[in-house]
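Asks: Chain S is fixed; fit chain A onto it per the hints.
Residue numbers (numbering that gives the first Met the number 0), protein chains in the order written: chain S, 0 to 154; chain A, 0 to 257.
Each hint should be verified, as a subset may be incorrect.
[As the list claims (entries may be wrong)] Below are the PhoX-like pairs computed for lysine-lysine, each with C-alpha atoms no more than 25 angstroms apart in a straight line:
| no. | chain 1 | residue 1 | chain 2 | residue 2 |
| --- | --- | --- | --- | --- |
| 1 | A | LYS94 | A | LYS42 |
| 2 | S | LYS149 | S | LYS136 |
| 3 | A | LYS59 | A | LYS94 |
| 4 | S | LYS104 | A | LYS184 |
| 5 | A | LYS246 | A | LYS184 |
| 6 | A | LYS42 | A | LYS59 |
| 7 | S | LYS104 | A | LYS246 |
| 8 | S | LYS75 | S | LYS26 |
| 9 | S | LYS75 | A | LYS94 |
Read the hints as simulated data drawn from the structure, not as lab findings.
Single-letter residue listing:
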Amino acid sequence: MNDVILKSIYALIATLGFAILFNIRGKNLFFTSIGGAIGWFVYSLFLYGAFSKIASIFLASIALSIYSEICARILKTPVTVFLICALIPLVPGAGMYYSMLECVKGNITTSLFIGIETLSLAVTISIAAMLVSSITKVIISIHTLRATSKRNNTK
Amino acid sequence: MNTHYQILHIAIKAGEIILENGGEAYRVEETMIRICQAFNVYKADSFVTPTGIMLSIIEKNGETYSAVRRISVRTVNLEKISMVNDLSRSIIPNKLSLTAVENCLEEINNTPAFSRRILLLASSCIAGFFTLVFGGTFRDFFVSLFIGMIIKFFSLILNKIKINEFFINAFGGAIASFLALISVKLNIGINSDTIIIGSIMLLVPGLIITNAIRDTLSGDLVSGISRALEAVFIAIAIAIGSGVIIKIWSVFSGGIFL
Chain S
0 MNDVILKSIY
10 ALIATLGFAI
20 LFNIRGKNLF
30 FTSIGGAIGW
40 FVYSLFLYGA
50 FSKIASIFLA
60 SIALSIYSEI
70 CARILKTPVT
80 VFLICALIPL
90 VPGAGMYYSM
100 LECVKGNITT
110 SLFIGIETLS
120 LAVTISIAAM
130 LVSSITKVII
140 SIHTLRATSK
150 RNNTK
Chain A
0 MNTHYQILHI
10 AIKAGEIILE
20 NGGEAYRVEE
30 TMIRICQAFN
40 VYKADSFVTP
50 TGIMLSIIEK
60 NGETYSAVRR
70 ISVRTVNLEK
80 ISMVNDLSRS
90 IIPNKLSLTA
100 VENCLEEINN
110 TPAFSRRILL
120 LASSCIAGFF
130 TLVFGGTFRD
140 FFVSLFIGMI
150 IKFFSLILNK
160 IKINEFFINA
170 FGGAIASFLA
180 LISVKLNIGI
190 NSDTIIIGSI
200 MLLVPGLIIT
210 NAIRDTLSGD
220 LVSGISRALE
230 AVFIAIAIAI
240 GSGVIIKIWS
250 VFSGGIFL
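Next up, chain S with everything else stripped away, as it sits in the complex (with noise of 0.2 angstroms):
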């Protein structure tokens, strides 16, 4: 368990490295970073409980994704400033590299098994921001719907 929380603590300092490169300014770099440790910290702590790797990853992108979508209504930024770097951390490099050695090596049915994998957790991480993303348009058209047909009456 405390490796899960230094492990975020690390995730935290890396994600402030990318929020660094990509031009990020003032308090948003404090948020960025934030959210890449709440990830990190969601994806560990499934996997520390015995969940499969895709379950975790998924769960760990709906918990930033929402964060990321409160922090943009409450500083008034967009969306992708808090997403983009607080999901790198979730990318599935180390399955990258693993299908990359497997194949070098000349083992193409584990490599094809690992590359498989490492596809199916990328697609995993766009869903669960896909599903995040829709939901709350549907959550905002609602609330405007409520504000003008509230306007509408008191008129």
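Replies: Quick look at chain A alone, frame taken from chain S:
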């Protein structure tokens, strides 16, 4: 100059800034049309792909003004996107004039990015801390700090002489695996796998994947698919770069993989 031409130029300039600095296609379209509508244009339509912008304005009497802008330079500067977005939303509430918006855009376009030294430091932090995240020891951490800085140094140079992105990524992967293998051979690093994984996280196309998702979701299928393809190609380029070096290394060390 005719006011319609001025509106057109301002809107397309705003779109250009967003697209050049790593914004999504749908955000470019939204921003340009928001600016046009803020200046009471009758009808405005746009079509945006990751490499170009088309925008046309139609007036009530049928006059049509249009412009095409080609995007060749692409960097990442999320702060500029955020600023242009704020500007386009503040035209109506603050009653900004055309020239005021033009000056603001020019100011945004000229805001300085972080200096080279800070970028090098940030990328060395990225490589180092990702090595720790993926289970490296502290000796691996120091090797990765060094590798991250070298990769960023070379990619800045290669960017300046305008070599394509795939070569830069392949080269970055090659540097990462080469230095990692040497460091393990010299007994500085312990595990070459974690060093390489941590270092190539620096090159992973996180921004492009996110933009591909968001573009596809908002119905910009052309940009969504082309971004997704770009992400796949970058991943393949990184794998090829590091794979070639590992293969050559194993040939010279007698078929032994580290």
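Asks: Against this structure, judge whether each hint is valid.
Replies: A quick look at each hint next to the structure:
Distance check on the hinted pair: A/LYS94 and A/LYS42 sit about 20 angstroms apart at the alpha-carbon level, within 25 angstroms; holds. Among the hinted pairs, S/LYS149 with S/LYS136 is consistent with the structure: their alpha-carbon atoms are about 20 angstroms apart, no more than 25 angstroms. Distance hint between A/LYS59 and A/LYS94 is fulfilled; the C-alpha atoms sit about 23 angstroms from each other, no more than 25 angstroms. Distance check on the hinted pair: S/LYS104 and A/LYS184 sit about 19 angstroms apart at the alpha-carbon level, within 25 angstroms; holds.
Proximity of A/LYS246 to A/LYS184 is assessed by CA-CA distance (about 16 angstroms); at most 25 angstroms being required, the pair is judged to hold. A distance of roughly 8 angstroms separates the Cα atoms of A/LYS42 and A/LYS59; the hinted pair therefore holds under the 25 angstroms criterion. Simply put, S/LYS104 and A/LYS246 have alpha-carbon atoms about 8 angstroms apart, close enough for the 25 angstroms limit, and the pair holds. Among the hinted pairs, S/LYS75 with S/LYS26 is consistent with the structure: their alpha-carbon atoms are about 12 angstroms apart, no more than 25 angstroms.
Taking the CA atoms of S/LYS75 and A/LYS94, the gap is about 20 angstroms. The hint holds against a cut of 25 angstroms.
Checked against the numbered hints above, the structure violates none of them.
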